[in-house]
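> The primary structure of each chain is shown beneath.
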Amino acid sequence: MPRIVVDVMPKPEILDPQGKAIAGALRRLGQTGFGEVRQGKRFELTVEGEVTEEILEQARHAAATLLSNPVIEDVTRVEVIVDATIGAGE
Amino acid sequence: MSETPLIGDFSPAPDRGLSGARVGVVTFPGTLDDRDASRAVRLAGGTAVSLWHGDHDLQGVDAVIIPGGFSYGDYLRAGAISRFAPLMDQVVDAAKGGLPVLGICNGFQVLTEAHLLPGSMIKNNHLHFICRDQRLRVENAETAWTSEYAAGEEIVVPLKNQDGQYVADEKTLDELEGEGRVAFRYVGTNPNGSRRDIAGITNAAGNVVGLMPHPEHATEAGFGPDFSAAGPVDLRGGTDGLGVFISVLKKIVAGAK
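In order, the protein sequences belong to chains A and B.
In terms of the working numbering, the first sequence opens at residue 1 and continues consecutively.
In terms of the working numbering, the second sequence opens at residue 1 and continues consecutively.
Calculated from the structure, these hints are not laboratory results.
Glycine included, every Cβ here is placed at the ideal spot set by N, Cα and C.
Do not rely on the hints blindly, as some may be mistaken.
Computed far set for chain A versus chain B, every beta-carbon distance over 10 Å [what the hints assert, rightly or not]:
1) Pro2
2) Asp7
3) Gly33
4) Gly40
5) Val71
6) Asp74
7) Val75
Listed next, the stretches of chain B that the computed footprint assigns to chain A, with coverage defined by at least 3 CB atoms under 8 Å from CB atoms of chain A [stated by the list, open to error]:
8) 111-123
9) 158-169
Each pair of labels, with its calculated beta carbon distance range [stated by the list, open to error]:
10) B:Gly30 with A:Glu79: 28 to 34 Å
11) A:Gly24 with B:Glu153: 39 to 45 Å
12) A:Thr65 with B:Arg196: 25 to 31 Å
13) A:Ile81 with B:Arg35: 20 to 26 Å
14) B:Asn190 with A:Gln39: 20 to 26 Å
15) A:Thr52 with B:His128: 23 to 29 Å
16) B:Arg196 with A:Pro12: 16 to 22 Å
Make a model of the complete structure from these sequences and hints.
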């Protein structure tokens, strides 16, 4: 079943405390190769049947209204993926 | 509804002739402070009406309070799911029509998600949940919820939150300042990194107000802060928040005459 992936990231100028805490934990673990960490959200919307342009448009609308708050977050991706790649990395 | 004091002497609200004013208090799944808000309305002399988020009926109330808590567990973003609750359609329409609406803490977050107020709340800049008595300055005493105070008057009410850092872009902040729409400002140290020490704001019409600290927790001697803005008070005797509720009740009663 196809799914639509929506990625939402905190805006660059917005403090991301979770990302900061993760960056600190990485340093404590001795993994010093990273600078900043930013933590976003990934949503997977399952589609019954074919992904039409209309459904994709609905997903974009959902991404801009419910899934993100444009004051503090950016939608960085709205994309259809095929099942085989779910959870296995793209 | 009868009131039972837990400690101390309970004094029912003095008869201010305000009992005809009906203030709705909305409960979402995860709301915590609805009963405190209702009690504050009654202590101020008004009539509190419980409203359920899943209903489509405001029951003819004269004002609405969206209380604090963790509606929907703060899932997604604080206030993000509550904002789409069935009752919120009525609240948004009524607010645009001039109905007084107050959002406290999580309720403030709901109002920003509903775009009734600009900006948003993100995690406190120090990352910790904070719970303390907080001094505020009433910057705008012309709103439906602040008219009982004098402009510049200071109050002390509890502050308790995790996502309390008020943010908005510079243009929005300049507009809020220029139009006198900062309703409450933190005094002393800024507890959470809020832009320009903003603790609460109002819409242009002055009927919709949101603030992070909790005036409803400073309305009854024995259960409030240990301080009033005027100085120390008897054990937990601070009632500086009562004016918020008396403000709206008086406005409703004056409008009904």
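> Would you mind marking each hint as holding or not holding in the structure?
Evaluation of the provided hints:
1. Pro2: holds, 23 Å
2. Asp7: At roughly 14 Å from the nearest Cβ of chain B, A:Asp7 sits farther out than 10 Å, so the non-interface label holds.
3. Gly33: Label holds. Min Cβ-Cβ 24 Å, cutoff 10 Å.
4. Gly40: holds, 12 Å
5. Val71: Violated, because the least Cβ-Cβ distance between A:Val71 and chain B comes to about 4 Å, which does not exceed 10 Å.
6. Asp74: At about 13 Å from chain B, A:Asp74 clears the 10 Å cut-off, so the statement holds.
7. Val75: holds, 14 Å
8. 111-123: holds (count 7)
9. 158-169: holds (count 4)
10. B:Gly30 with A:Glu79: 28 to 34 Å: Between B:Gly30 and A:Glu79, where Cβ atoms are some 32 Å apart, the hint holds.
11. A:Gly24 with B:Glu153: 39 to 45 Å: holds, 42 Å
12. A:Thr65 with B:Arg196: 25 to 31 Å: holds, 28 Å
13. A:Ile81 with B:Arg35: 20 to 26 Å: Check failed, 46 Å falls outside 20 to 26 Å.
14. B:Asn190 with A:Gln39: 20 to 26 Å: Between B:Asn190 and A:Gln39, where Cβ atoms are some 25 Å apart, the hint holds.
15. A:Thr52 with B:His128: 23 to 29 Å: violated, 47 Å
16. B:Arg196 with A:Pro12: 16 to 22 Å: holds, 21 Å
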